[in-house]
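Chemist: Sequence:
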Amino acid sequence: MKKVFFTIILSSFCYANYYAEAGKRFGIDPQLLWTIAYKESRLNPSIISKKNKNGSYDIGIMQINSIHLPRLKKQYGISKDDLLNPKINIFIGAEILKMCFNKHGFNEKAITCYNGKIKGNNYGKEVLSLLKEARENNGEMQN
1 MKKVFFTIIL
11 SSFCYANYYA
21 EAGKRFGIDP
31 QLLWTIAYKE
41 SRLNPSIISK
51 KNKNGSYDIG
61 IMQINSIHLP
71 RLKKQYGISK
81 DDLLNPKINI
91 FIGAEILKMC
101 FNKHGFNEKA
111 ITCYNGKIKG
121 NNYGKEVLSL
131 LKEARENNGE
141 MQN
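Under this note's numbering, the letters of the sequence shown match residues 1 to 143, in that order.
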């Protein structure tokens, strides 16, 4: 348990500037980006999920879905392997979240959009609850 807690604290510290930079660039609260990363991967930058029901999979700290790979390759030259870089992954996650905000407004539905399916999905509510918990505990998540 101590090792897991240390890893969470260390990765939070190491990548804090990435959340801040991406937040500034896309106009998103860095704590919200951190909370999504925590929810998605428990801040693990090298995780690749098993295949989803639709055959897609999720990559890296922000769990970027593979459906975005063709656009990312065409627009930025970013590959699956590039998404294992925490800085790139956090910036792409912020860009995707910004697209959701542009589509749905700054609300729970937009945060759920980041996760994909909106109807019947409590993702946005869960993220906002985690964000509230983190703020109440001075940025620390209780496991």
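For the record, the hints were derived by calculation from the structure and aren't laboratory data. Careful: at least some of the hints might be erroneous.
FRET-style restraints, in silico, Cβ to Cβ [stated by the list, open to error]:
#1 Ser56 x Gly120: 25 to 31 Å
#2 Asn137 x Lys103: 18 to 24 Å
#3 Asn107 x Lys80: 18 to 24 Å
#4 Asn54 x Met99: 17 to 23 Å
#5 Asn137 x Gly77: 19 to 25 Å
#6 Ser129 x Pro70: 31 to 37 Å
#7 Ala16 x Leu84: 18 to 24 Å
#8 Glu136 x Tyr76: 33 to 39 Å
#9 Ser79 x Glu133: 30 to 36 Å
#10 Glu133 x Lys74: 23 to 29 Å
#11 Ser46 x Ile67: 28 to 34 Å
#12 Ser129 x Gly77: 35 to 41 Å
#13 Gly120 x Asn17: 34 to 40 Å
Ideal placement from N, C-alpha and C gives every residue a C-beta, glycine not left out.
Chemist: List, from low to high, the hint numbers that the structure doesn't satisfy.
Modeler: 1, 2, 3, 5, 10 and 11
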